[in-house]
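**Student:** Sequence:
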Amino acid sequence: MLNDNYALLPVISAFLVFIGCIGIFIWVAIVLYLKNKWMLLLEDNLDNGVRFYSLNVFLAMQGVLHYSTVFLCKYQAKRYGMDKKIKTIPLGVQRKFIFSFALFMFSSFLMGLSVFITEVILV
1 MLNDNYALLP VISAFLVFIG CIGIFIWVAI VLYLKNKWML LLEDNLDNGV RFYSLNVFLA
61 MQGVLHYSTV FLCKYQAKRY GMDKKIKTIP LGVQRKFIFS FALFMFSSFL MGLSVFITEV
121 ILV
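Every letter in the sequence shown is one number past the one before it in the numbering used here, and letter 86, counting from 1, is 86.
Each hint should be verified, as a subset may be incorrect.
[To be verified] When the alpha-carbon atoms are kept at most 25 Å apart in a straight line, the in silico PhoX-like pairs for lysine-lysine are as follows: (1) 35 / 85; (2) 84 / 74; (3) 74 / 85; (4) 74 / 35; (5) 87 / 37; (6) 87 / 74; (7) 74 / 96; (8) 87 / 35; (9) 84 / 35; (10) 37 / 85; (11) 96 / 35; (12) 37 / 84; (13) 96 / 37; (14) 78 / 35; (15) 78 / 96; (16) 96 / 85; (17) 84 / 96.
I should point out that these hints are in silico values taken from the structure, not numbers from a laboratory. What you are looking at is a predicted structure, and each value in this text was computed from that prediction instead of being measured.
Sequences are here, hints too, so could you generate the full structure?
**Tutor:** This is the structure we're talking about:
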């Protein structure tokens, strides 16, 4: 009887991976949008014109997560010396970066939960 309860777990695990992968693909599309539209503004205002994160897509992914944490946490902003400069960035742009961060973390959580189900519960 106990095995009947675990019969649905592989299907749930596969569904979580599928939804997580869809979320990551959507996140990459959002990163491309943010890179092309807003990354130069952030680099000019927050990093004094140093254009590192807008060089390619992989660095843009890291840059989106970096700027998101700066917008989310005042400690991070103070740590990187951006606490006063954040006020020059429009709130709508900050919310786009924070939404991108939340989507990435949620998708990663779903895929991690799938690994946990597969490797810990089903073993």
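**Student:** Straight-line Cα separation of residue 35 and residue 85 no greater than 25 Å?
**Tutor:** holds, 19 Å
**Student:** Given the hinted pair residue 96 and residue 85, is their alpha-carbon gap at most 25 Å?
**Tutor:** holds, 18 Å
**Student:** Take the C-alpha atoms of residue 87 and residue 35, compute the straight-line distance between them, and say whether it is at most 25 Å.
**Tutor:** holds, 20 Å
**Student:** Next pair to validate is residue 78 with residue 35; report whether the Cα-Cα distance is within 25 Å.
**Tutor:** holds, 24 Å
**Student:** Residue 74 and residue 96 were given as a pair; does the straight-line alpha-carbon distance stay at or below 25 Å?
**Tutor:** Given pair residue 74, residue 96 holds - Cα atoms ~17 Å apart, limit 25 Å.
**Student:** Check whether the Cα positions of residue 84 and residue 74 lie no farther apart than 25 Å.
**Tutor:** Holds - the C-alpha atoms of residue 74 and residue 84 are around 10 Å apart, at most 25 Å.
**Student:** Could you grab the alpha-carbon distance between residue 84 and residue 96 and see if it respects the 25 Å cut-off?
**Tutor:** OK: residue 84 and residue 96 at ~20 Å, within 25 Å.
**Student:** What's the verdict on residue 87 and residue 37, does the C-alpha distance respect the 25 Å limit or exceed it?
**Tutor:** holds, 19 Å
**Student:** Holds or violated: residue 37 and residue 85, Cα atoms, limit 25 Å.
**Tutor:** Cα-Cα ~19 Å, so holds.
**Student:** Regarding the pair residue 37 and residue 84, is the alpha-carbon distance no greater than 25 Å?
**Tutor:** holds, 23 Å
**Student:** For the pair we were handed, residue 84 and residue 35, check the Cα-Cα distance against 25 Å.
**Tutor:** The hint holds at about 23 Å.
**Student:** Does residue 85 lie within 25 Å of residue 74 when you go C-alpha to C-alpha?
**Tutor:** holds, 12 Å
No hint from the list above goes unmet by this structure.
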